[in-house]
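> Following the hints, put chain B with the ligands in place on chain A, whose structure we already have.
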Amino acid sequence: MRDFSYLRANSLDAARQAAALPGAMLLAGGTTLIDLAKCGVAEPETLVDITHLEGLDKIEVSERGVIIGALARMGHVADHAGIRSRFPAVSEALWQAASAQIRNMATIGGNLMQRTRCPYFRDPANFSACNKREPGSGCSAIGGVTRGHAVLGTSDACIAMYPGDLAVALVAFDATVHLGERQVSVDDFFLLPGSTPNREHAIEPGEMITAIEIPGSAAARRSTYLKIRDRQSYEFAAASAAVGIEFEADGRTIRDLRVALGGVATKPWRARAVEAALIGKVWEPDTVRAASLLAVEGAVDHGANHYKIELAPRVVARAILKMGETV
Amino acid sequence: MTVHNIRVGESKRGDASDGALAQTVGGRLSRVDGPAKITGAAKYAVEQQLEGLAYAVLVESTIASGKVRAIDTTAVQAAPGVLQVLTPETIISLKTASDWFGTPPPDKPYCPLARDITFSGQHVAAVVAETFEQAVAAAALVKVSYDETPSIVDLSDGKAGDGIPIDAMTKEWGDAQAAFASAPVRICAAYNTPREYQAPMEPHGLIARWEGDQLTVWEPSQWLDGMARTYAEWFGVPFENVRLVSPYIGGGFGSKALALGHGAVAACAAKMLGRPVRLVMTRPQTFTGYGGRAATRQTVTIGADTQGKIQSIVHRGINETSIDGMWVEPLGSVTSIMYATPNFSSKQNVVRVNSVVPGAMRAPGENPSAFGIESAIDELAYEVGIDPLEIRLRNYAEQDPEAKKAWSTRQLREAFAVGAERFGWARRTPEPRSMRDGNQLIGWGVAAGTYPVRRAYGEAIVRILADGSVEVESSSIDMGQGTYTILAQTAAETVGVHADDVVVKLGDSHFPRAGVAGGSRLAGVMTGAVYKAAISALDQLVGLAISDPRSPFHALQANTLVVANGRIASPRGDGPDVSIAELLKSVGRDHIEATGDTMPANSTAEDRYKNYTTIAMALPHTEGDYSRHSWCAHFIEVRVDEDFGTVRVSRVVSALDSGRLYNPKLAESQWKGGIIMGIGQALLEEGIVDRRHGRIVNNNLADYLVPTNADIPDIEVISVGIPDLHSSVLGGKGVGELAIVGVAPAIANAVFHATGKRIRDLPITLEKLI
Ligand SMILES: Cc1cc2nc3c(=O)[nH]c(=O)nc-3n(C[C@H](O)[C@H](O)[C@H](O)COP(=O)(O)OP(=O)(O)OC[C@H]3O[C@@H](n4cnc5c(N)ncnc54)[C@H](O)[C@@H]3O)c2cc1C
Ligand code: SF4
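First to last, the protein sequences are chains A and B. Counting in the numbering used here, the first sequence runs from 1301 upward without gaps. Counting in the numbering used here, the second sequence runs from 4 upward without gaps.
Just chain A, with the same shape it has in the complex:
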């Protein structure tokens, strides 16, 4: 870690202006940023602390949906009664993420912006090739240890997995990211690596996440987040699924279905093919299992991560089945 200056922003505009300067970075809970600074990946010259900005930590639930301020803490959002009743998948995604200590520090804005856990990305002293860190330097992961790498949305330049849980639930329920005045859908906010894996988000210098908005829906109300991993707690997903379902009045025919995958893709991954295959169909275990296989259409493995291609559809199927059983 190298020396940096620390600046406490006292207004949104001041924060955005300061953050637009070269070498400046926003500091929220610091659980990603300080960690990456210690690894030598983030080398900010100035840290702009936004945690003292007023009014950015609100959680406002209305008929239309919910608006969650960028500075709301993961733990608070997970426990919020309105979130738990209207967006159970969001609450579950949060409380299965990281540890209690981290959830008490970490913010929603910072959570969306968390970086990949690719071990090569995180160790510049030993692995100089990483297109995400240094465009054009190559990719150390390809041909290396890939057990935790993505099987969907990869490119020749980068196969790094997006590790977060919350954004998977958000992308399932068509949430938008508020960047001050501008709004972007969560799906568009996260970029595929393509040939520019260094660019991960549709956010410009001088912009800041101020809130996220999740429209309310029957599917969001009846939703779950299923996270599968080696360790029961405090680990990123081997594969996860955010699923929301709405039935027709018959209680058996699927009217609306939302499916998104985590732990397997380079960005929070909406599995629209699964949704399309099941909407209008009768909820039935064999149909659900067959349709869930579409979740990994186009998946490419790099050896040790092959199991994710087997695992992800099973996770999707289990989540859809679980949501149907509680009819």
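Hints were generated in silico from the structure; no laboratory data involved. Don't take every hint at face value.
Unchecked claim - In the DSSO-like style, the derived pairs of lysine-lysine whose C-alpha atoms are separated by at most 27 Å in a straight line are: (1) Lys174(B) - Lys70(B); (2) Lys98(B) - Lys46(B); (3) Lys162(B) - Lys46(B); (4) Lys1622(A) - Lys771(B); (5) Lys771(B) - Lys98(B); (6) Lys46(B) - Lys668(B); (7) Lys1338(A) - Lys46(B); (8) Lys508(B) - Lys46(B); (9) Lys1338(A) - Lys146(B).
Chain B with the ligands alone, transformed into the frame defined by chain A:
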């Protein structure tokens, strides 16, 4: 500088589970050092605040094999706060120290910074600065260039070869090959364990300070006298000139027993700079700065009759070692003693790979050894179609099959019986995949474990002070296993005072000596030494009371007196009844002091030095007429998700024979800790190597997984031990390492029962079952 004083009375918790008899040996006294740790009052080694402290940061190799061509430190020298840059060229020269057997070292210099690189993560340079942050920033500016050569990544590397035969590990009786060939039932399988890491909470680090040619080192240590010897030999100063201070240790698991390269770097820096220097490894550095458990491969071949009675065991093992160091992980240690067999053969090779030299980690040898034999016997049970518990009883070894001696005590049959009863083993349906709960396949597995009783020597001082309190001093240590507590109980019971009135001082090499806290030997050794010292202090006290003309007991002309609850009286209750303090005052003494040790009579000063600074003098566990071991049986239930392959341990019942327990509460905690570590080993832990770079890539606690609370079910541990006076003065056997042994095979066996899949490669991760 503070030496830790623990006074039981100051940390009274009023824990009902302590019970009325908690204060005596065998009582459930809570950890007396607990409150200091919980409140933050406990000061760990590198938390000492010293005047003029400077900070050192290590720079490590980024290649696995080759030579350092050049180290460019131009930018470093100019960086703010930098005091010193250490490279192989600039660091002072040290002498090579002897190994832990005390073998005289080759007469050549030792440099803790490498020019010849044999693994990724080797120390090549260090930067010392005024602040820690400056040292970190400057260390990142050190530019090292290398001439790289091909490396051998691990055991599976094509270049690794068969390795070096270690003849001392060969154990043979009967004709194992022939007996196997003619056996009606034969099984043969290979079992692998990966590199595993001790991962203590407190990373390795130290503060070193020179005053003239006197060196003080504050460093977490499992062996003060052994490490002091190494520092003394490195710097060519007398042993007495080195003082190691280690009142608290944040976990060691075998990794903190030896002075290591980073310690030499810090001590050199302190000497060269004339200031105290602090050096703490980063978490990633703890994966390469010293060795974890070696990766192992074993083949176990068993020939049996159709009733499952073993005729022959042929065992072959290999473990990794480094290019220039030698580590032997004794893989035949459990194989050769667990079951009776007329024919046996075990051989072992070690294979050199480009890694740091592996080291001791909780039950080195016994742990991977048990994974082999205890998995194989389960395979045999299925092959002949008998219950896995029954086959273990059919092949029960009534004596040590290798040493051909009687067991000192072996309560393993009792462990099987009690464990099976508590677990409900009789309700198990034998077929794999025959028990389930929805999507969860349920499996029940059993395995046994064992660990030898390692015996060595210890010394202690016991003082009875003017106020009637008792003080114990020893250079032994407490890394959480409970030394402070059990020594307070021992002194309290022996002298006849409350444990509240005992102060135990540990963790200073200037105290009476102790050997390594490793191999589960310390409790047995130190309770013996304190007991002897306390007896002799008590004798002096009673002697004074009887014979000193100023004593109130003088007129009584008693043969003996009783000391209890801090008071002295005659056994019949006639005559005076005074407190220890009053007696000492009446006879004009401000204290009584006695030294006790467990060394053989006639030990010389040289014996004493060797006893405590090497492991060469430890007594073999098969010395004399008996073979001494601790034993255990684990019964484990797993739930395997049939779609996801995730394994969760849902129930553990373990019955253990550690002989007499000095403090059951602490022993149970240690057993549970071992079982938890075993669950991690079975399901999670593995150092993953990048095969192109020869580097561990999951070198941090987010990626190297150890169990969390959520992974651990309620664990029931049951003591089935009886006092074993062949093993120690007070009848205890080993506790700390025993319980991890056998956990991984019990889980693998349960996974087989749940799924029908036999996993022979640890850890059992989900992709192996999916
Ligand atoms: C050991 C460990 C385990 C974890 N496990 C999980 C897990 O299982 N699942 C999971 O989802 N997450 C996990 N995390 C990640 C954790 O959730 C994130 O670190 C956390 O959410 C980041 O939030 P923060 O407020 O601390 O962000 P910071 O560290 O403060 O910031 C992170 C990044 O976001 C930028 N930033 C912060 N706020 C804004 C804003 N308002 N607008 C624009 N940019 C901003 C910062 O400049 C920085 O680049 C884990 C983290 C650790 C360290
Ligand atoms: S996968 Fe992406 S982040 Fe990882 S090394 Fe390759 S380019 Fe870098």
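> If a hint holds in the structure, say so; if it does not, say that too.
Do the hints match the structure? See the list:
Distance hint between Lys174(B) and Lys70(B) is unfulfilled; the C-alpha atoms sit about 40 Å from each other, more than 27 Å. For the hint pairing Lys98(B) with Lys46(B), the CA-to-CA distance comes to about 32 Å; that exceeds 27 Å, so the pair is violated. For the given pair, Lys162(B) sits about 48 Å from Lys46(B) by alpha-carbon distance, which is inconsistent with the 27 Å threshold. The suggested pairing of Lys1622(A) with Lys771(B) holds, with an alpha-carbon distance near 25 Å, which does not exceed 27 Å.
Taking the CA atoms of Lys771(B) and Lys98(B), the gap is about 49 Å. The hint is violated against a cut of 27 Å. Between Lys46(B) and Lys668(B) the alpha-carbon distance is near 25 Å, which keeps this suggested pair within the 27 Å criterion. With a CA separation close to 25 Å, the supplied pair Lys1338(A) and Lys46(B) stays within the 27 Å bound. Between Lys508(B) and Lys46(B) the CA atoms are separated by roughly 14 Å; this keeps the pair inside 27 Å, and the hint holds.
Pair hint Lys1338(A) plus Lys146(B) holds up; C-alpha atoms about 19 Å apart against a cutoff of 27 Å.
The earlier numbered hints that this structure contradicts are 1, 2, 3 and 5.
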